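Q: All chains should be modelled from the sequences, with the hints used to inform the complete structure.
Numbering (the UniProt record's numbering) for the sequence shown: 1 to 477.
FYI, nobody ran anything at the bench for these hints, they're computed from the structure. Each hint should be verified, as a subset may be incorrect.
Subject to a maximum C-alpha distance of 16 angstroms in a straight line, what follows is the list of computed EDC-like cross-link-like pairs (lysine to aspartate or glutamate) [as the list claims (entries may be wrong)]: (1) 271 to 282; (2) 187 to 199; (3) 101 to 63; (4) 197 to 217.
Derived CB-CB ranges, DEER-like [claimed, not checked]: (5) 129 to 287: 19 to 25 angstroms; (6) 364 to 397: 23 to 29 angstroms; (7) 299 to 159: 34 to 40 angstroms; (8) 283 to 427: 51 to 57 angstroms; (9) 105 to 129: 23 to 29 angstroms; (10) 399 to 176: 56 to 62 angstroms; (11) 427 to 451: 15 to 21 angstroms; (12) 368 to 429: 31 to 37 angstroms; (13) 11 to 132: 50 to 56 angstroms; (14) 303 to 374: 25 to 31 angstroms; (15) 429 to 43: 39 to 45 angstroms; (16) 42 to 299: 35 to 41 angstroms.
From a predicted model like this one, the values you see are computed outputs, not experimental measurements. Glycine included, each C-beta is placed from N, C-alpha and C at the ideal position.
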Amino acid sequence: MEKNLNMKTHPWEMDEKARLCRFLCFGSEGDIYTSREEVQVSRESAEALLALLEDGRGTDVVEVIAKYSQDGRVVSMGPCLFALAVCSQHSDLKTRQAAFKAVKEVCQDPVCLFTFIKYKKELKDTESGIWGRALRKAVSNWYNGQNAMNLAVSVSKCKQQNGWSHQDLLKLAHVKPANDGVALVCKYIMKGWNEVKTEYADKENPEEVLKVLSYLEVVEKVKHCNDETEVITMIEEHLLEREQLLTDHLKSKNARIHPFSILVALENYKKGQGYQGKTKWETDSNIIHAMDSAFYKSFKYLEPVDKNFVIAVDISTSLSSIVPGTSLSTAVAAAAITMVFASTEANTQVLAYSGGSLLPCTVAAGMTLEQVTAELVQTPSENTDCTLPMTWATENEKAVDVFIILTNNPIWAFSASPVEALKKHRQRMGTFSKFVICGLTSIGHAVADKPDRGVLSICGFDLGAITLIQNMALGLI
1 MEKNLNMKTH PWEMDEKARL CRFLCFGSEG DIYTSREEVQ VSRESAEALL
51 ALLEDGRGTD VVEVIAKYSQ DGRVVSMGPC LFALAVCSQH SDLKTRQAAF
101 KAVKEVCQDP VCLFTFIKYK KELKDTESGI WGRALRKAVS NWYNGQNAMN
151 LAVSVSKCKQ QNGWSHQDLL KLAHVKPAND GVALVCKYIM KGWNEVKTEY
201 ADKENPEEVL KVLSYLEVVE KVKHCNDETE VITMIEEHLL EREQLLTDHL
251 KSKNARIHPF SILVALENYK KGQGYQGKTK WETDSNIIHA MDSAFYKSFK
301 YLEPVDKNFV IAVDISTSLS SIVPGTSLST AVAAAAITMV FASTEANTQV
351 LAYSGGSLLP CTVAAGMTLE QVTAELVQTP SENTDCTLPM TWATENEKAV
401 DVFIILTNNP IWAFSASPVE ALKKHRQRMG TFSKFVICGL TSIGHAVADK
451 PDRGVLSICG FDLGAITLIQ NMALGLI
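A: Right, here's the structure in full:
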């Protein structure tokens, strides 16, 4: 597959596969990612996808879609689901077959399945409808291919989304349950709990059916129970059951909360009100302490990509501004981002720089967020030069895989070209070094004058930005 899709002659060239991978990861084929921006996908924003399909490489495209969606390497599932829907409606039979076969892998929860159906309907350019034999089979396989308990949890968590419900899909796909457990869940979807309870009351049910019935009973009781103590008891009992039955889900890395997500929630909670000030609350010191503790403990779950990083913090201006969509100052955000990489990647060099000066910083294991922030925040100067980290690494002959620049300045304000400094480092060290500039408070602006696979501009910051940096380091986008 790699051979089929890779056509570039230099590693920094943006070929169609590289653009496809960027589209799948964050909904754009370009080099700008804006945090917390709702991803809007269309045929116009997926030129590489369409080009690869027209070039007869549809089955390879479906394989890439499945890989990226399953590896947890995407900021949003929307682009992958859109791309899969496009493939499922392409004129090439093998592409369509591969796409429908991949539905069960790519659509890992009901929201994804409903979104896939939504895109198929939007893309349909005839009045014949979308519910042909292939889609009916794919949807049937989605329901029948799951463990009954997993299916019960899924359908009780999300009953409808994007204009579609489980009832709609079961009817339109003519789903025939493959076993007793799935049959029970399908009946629950179509008829409701009361009818299920009556029908299964006097039967000798298999163990799997009994477990699903017990779970659904808890779900229904919680819906209508006003006794807080009883609700807590039922939730605790249910969580114990989930721990035994859904160990794969509970052990999944996707179930672990990232330190940056915890920090954003903590700082917002300490503020005592929502972002727009409409919702207010009294803060509790015990909750603050628990969240603070969770922040530090969550670092042990981070997985390294084993690359050489330089994290360079621009201190030419005050870092007191707020990162859009959060309650974090840019100083605290920069410190947290630095801690994420310094604690995970063994080869990470932290620098603070301003116009004409650069200072190596020590970020050691066990340091608190406050200590790291103090280490980074130096006396600001009046100008900035983001080429300094690359120049420093080149002059000191330090081969760097990824340069990450954290700045409070507008990305367009730099007088010197960081890309030219990056190219010099690549040439001197003989490595395909990459450059990620994070304008923590800025709007989107391209850094490179022509497409470069090793350059990415991030505007604002969120968990998706960390995902993209890791993808960049691994050569996935």
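Q: Next step is simple, just say for each hint if it's right about the structure.
A: Structure-based check of all given hints:
1. For the hint pairing residue 271 with residue 282, the CA-to-CA distance comes to about 9 angstroms; that is within 16 angstroms, so the pair holds.
2. At roughly 10 angstroms between alpha-carbon atoms, residue 187 and residue 199 fall within 16 angstroms of each other, so this suggested pair holds.
3. In summary, the hint linking residue 101 to residue 63 is supported, as the alpha carbons are separated by about 11 angstroms, within the 16 angstroms threshold.
4. This hinted pair checks out: residue 197 and residue 217 have alpha carbons roughly 8 angstroms apart, not beyond 16 angstroms.
5. At about 51 angstroms, the CB distance of residue 129 to residue 287 disagrees with the hint of 19 to 25 angstroms.
6. Judged by the Cβ atoms, the range 23 to 29 angstroms given for residue 364 and residue 397 holds: they are separated by roughly 24 angstroms.
7. Distance hint check for residue 299 and residue 159: the Cβ-Cβ separation is about 36 angstroms, which falls inside the suggested range of 34 to 40 angstroms.
8. At about 53 angstroms, the beta-carbon gap between residue 283 and residue 427 stays in the expected band of 51 to 57 angstroms.
9. A hinted range of 23 to 29 angstroms holds for the C-beta pair residue 105 and residue 129, which are about 25 angstroms apart.
10. Taken as a hint, the range 56 to 62 angstroms holds for the pair residue 399 and residue 176, whose Cβ atoms sit roughly 59 angstroms apart.
11. Between residue 427 and residue 451 the CB atoms are about 19 angstroms apart, so this pair conforms to the stated range of 15 to 21 angstroms.
12. At about 34 angstroms, the CB distance of residue 368 to residue 429 agrees with the hint of 31 to 37 angstroms.
13. Distance hint for residue 11 and residue 132: a CB-CB separation of about 42 angstroms, inconsistent with the stated range 50 to 56 angstroms.
14. Look at residue 303 against residue 374: about 28 angstroms separates their beta carbons, and that is inside 25 to 31 angstroms.
15. Remark: the range hint 39 to 45 angstroms for residue 429 to residue 43 is upheld by a beta-carbon distance near 41 angstroms.
16. One distance hint, 35 to 41 angstroms for the beta-carbon pair residue 42 and residue 299, holds here, with the actual separation near 39 angstroms.
In summary, the numbered hints that this structure violates are 5, 13.
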